[in-house]
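Those protein sequences? They're chains A and B, same order as listed.
All residue numbers for the first sequence refer to this note's numbering, where the first residue is 271 and numbers rise by one.
All residue numbers for the second sequence refer to this note's numbering, where the first residue is 118 and numbers rise by one.
None of these hints come from the bench; they were simulated from the model.
From the three backbone atoms N, C-alpha and C, an ideal C-beta is built for every residue, glycine too.
Treat the hints with care, since some could be wrong.
What the hints assert, rightly or not - One-sided excerpt, in silico: chain B residues whose CB lies under 7 Å from chain A:
id, residue
1, Ser143
2, Pro231
3, Phe237
4, Ala323
5, Ala355
6, Tyr363
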Amino acid sequence: MDVLFDQSDAIFDGFWETIQLLLISGLFATVLGTFLAAMRVAPVRVMNAIGTTYVNTFRNTPLVVLFILVVFGLPELDIQYTFFEKATIALSIYTAAFVCEAVRAGINTVAAGQAEAARSIGMTFTQTLGRVVLPQAFRAVVPPMASVYIALAKNTSVAAGFGVTEATATLSALLNNDPQAAYWLFFGIGLGYVAIVAVISTGSHLLERHWAVAR
Amino acid sequence: MSGSVLFDVPGPRARVRHRIIGIVTSVVLVGVLVWVVLRLNQNDQFAYEKWEPFVTPAIVQDLFDGLIVTLEIAVVAIALSIPFGMIFATGRLSDHWFLRWPCFVIVEFFRAIPVLMMIFFLSIKYATEIGKFWVIVIPLVLYNGSVLAEVFRAGIRAVHKGQSEAGYSIGLRKYQLMVIILIPQAITTMLPAIISQCVVALKDSALAFVIPFDEIVSVGNDIRNEFHNSFATGIVLATVFIVINYSLSRLAIWLERRMARRGRASAETPKVAGVDVGDQSIGGAGA
Numbered sequence: 271m272d273v274l275f276d277q278s279d280a281i282f283d284g285f286w287e288t289i290q291l292l293l294i295s296g297l298f299a300t301v302l303g304t305f306l307a308a309m310r311v312a313p314v315r316v317m318n319a320i321g322t323t324y325v326n327t328f329r330n331t332p333l334v335v336l337f338i339l340v341v342f343g344l345p346e347l348d349i350q351y352t353f354f355e356k357a358t359i360a361l362s363i364y365t366a367a368f369v370c371e372a373v374r375a376g377i378n379t380v381a382a383g384q385a386e387a388a389r390s391i392g393m394t395f396t397q398t399l400g401r402v403v404l405p406q407a408f409r410a411v412v413p414p415m416a417s418v419y420i421a422l423a424k425n426t427s428v429a430a431g432f433g434v435t436e437a438t439a440t441l442s443a444l445l446n447n448d449p450q451a452a453y454w455l456f457f458g459i460g461l462g463y464v465a466i467v468a469v470i471s472t473g474s475h476l477l478e479r480h481w482a483v484a485r
Numbered sequence: 118m119s120g121s122v123l124f125d126v127p128g129p130r131a132r133v134r135h136r137i138i139g140i141v142t143s144v145v146l147v148g149v150l151v152w153v154v155l156r157l158n159q160n161d162q163f164a165y166e167k168w169e170p171f172v173t174p175a176i177v178q179d180l181f182d183g184l185i186v187t188l189e190i191a192v193v194a195i196a197l198s199i200p201f202g203m204i205f206a207t208g209r210l211s212d213h214w215f216l217r218w219p220c221f222v223i224v225e226f227f228r229a230i231p232v233l234m235m236i237f238f239l240s241i242k243y244a245t246e247i248g249k250f251w252v253i254v255i256p257l258v259l260y261n262g263s264v265l266a267e268v269f270r271a272g273i274r275a276v277h278k279g280q281s282e283a284g285y286s287i288g289l290r291k292y293q294l295m296v297i298i299l300i301p302q303a304i305t306t307m308l309p310a311i312i313s314q315c316v317v318a319l320k321d322s323a324l325a326f327v328i329p330f331d332e333i334v335s336v337g338n339d340i341r342n343e344f345h346n347s348f349a350t351g352i353v354l355a356t357v358f359i360v361i362n363y364s365l366s367r368l369a370i371w372l373e374r375r376m377a378r379r380g381r382a383s384a385e386t387p388k389v390a391g392v393d394v395g396d397q398s399i400g401g402a403g404a
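For reference, chain A alone in the conformation it holds in the complex (with noise of 0.2 Å):
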């Protein structure tokens, strides 16, 4: 057990390095995944062949394959970051597909009479849409969302092959150097991946609470 207290700055220095990568690549996924559900559902063909073929690609692609392109396939083309930015963009690219897929089905699960009530009743395409249809496309967003950003926690592990030294990486550092405490160190780390978890998880059940509305 003394050795997750000996180790405790190496480990705070970890998690702190998993969270930067979920908060940013957080970010960027769902920028980009956003504007990709706008794509999928725009009346435009293109775009939706856009939208399609980006997420049928890139959640079919393994994660450490879009690694090996990102960290490996740049510098190849010439294109240079650092190991940390790198993991980034691989993380967001791959979460972007997610977040489209979340995005979407929440709007698909307004049903279609809701709009066509708020046209009746004479509401512009701005009213309809600002007004009914997504803020209850909005909160069903919520959960799934909630999914695709602990997943996104999980896969930042991923980085740990990669050159980043986050959480998991560290666990590996520490338990090459002190095997014997390798079950205090295993379940420690765990613990820290499990509460960033259940922060996650609870701020979406509270969201959902908060947003609650009958239907």
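Dock chain B against the given chain A, drawing on the hints supplied.
Quick look at chain B alone, frame taken from chain A:
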């Protein structure tokens, strides 16, 4: 256009506008593609020696062998995840707290920690005892099994209440009810979820490259190191995975539709502790 609620049926002016937006988007898309191709060409990515390994029979054979290992990892992992998920799903539905609580803790823990953490742990602590194959497979079983446990639990709870009432009324015990009535009805509806989990396991098998093992991504990593063609190798690996996983996803969707036609909804997206497992639907959120 997916019968979206967002838009009216377009009139003549809107149709013209959509066409213009479509053309502009196409032009931008073509521009981006041309830029990418030029950039690749500038850096000699189309040079024959970058792609030569992938037409060399010996290397293609290595990749193929690697693919077989990848498939083995995924198949064994899923085959073991199903009983794991069943046991823990029934455990969490138990009437006894001393069964319910440990199952809850185990399932939530393994769902929350990264698979890579478990792989590092096993490979450093137990690699010599259990061998590299199990260093990869055990974490996949623990993770996918825990996810499936939540899917199964939701599936069992979705079986109509009258079914368990009927079971009790003819004098079945709880475990008989589970085994004879609830699980058989739940399992067929969960097939699509199981197939989606296969996609997750296939993708996660790539994590083996950190040890490394003999599966396709590790093989690809060796090729990349030898021929300095990371970009080409990455594209080849990605293509292989996309073809397999996309086909599996289509299969899952087809099964789901077929079941829907037969009037059996497939497993509802289970909502557990505010977290929706179901987003992992087709393709999964795993690495």
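Here is how each hint holds up against the structure:
1. Ser143: 5 Å, holds
2. Pro231: This interface hint holds because 4 Å falls under the 7 Å limit.
3. Phe237: 4 Å, holds
4. Ala323: 4 Å, holds
5. Ala355: Given a least distance of 5 Å, the restraint on Ala355 (chain B) holds.
6. Tyr363: Given a least distance of 5 Å, the restraint on Tyr363 (chain B) holds.
Taken one by one, the earlier hints all hold for this structure without exception.
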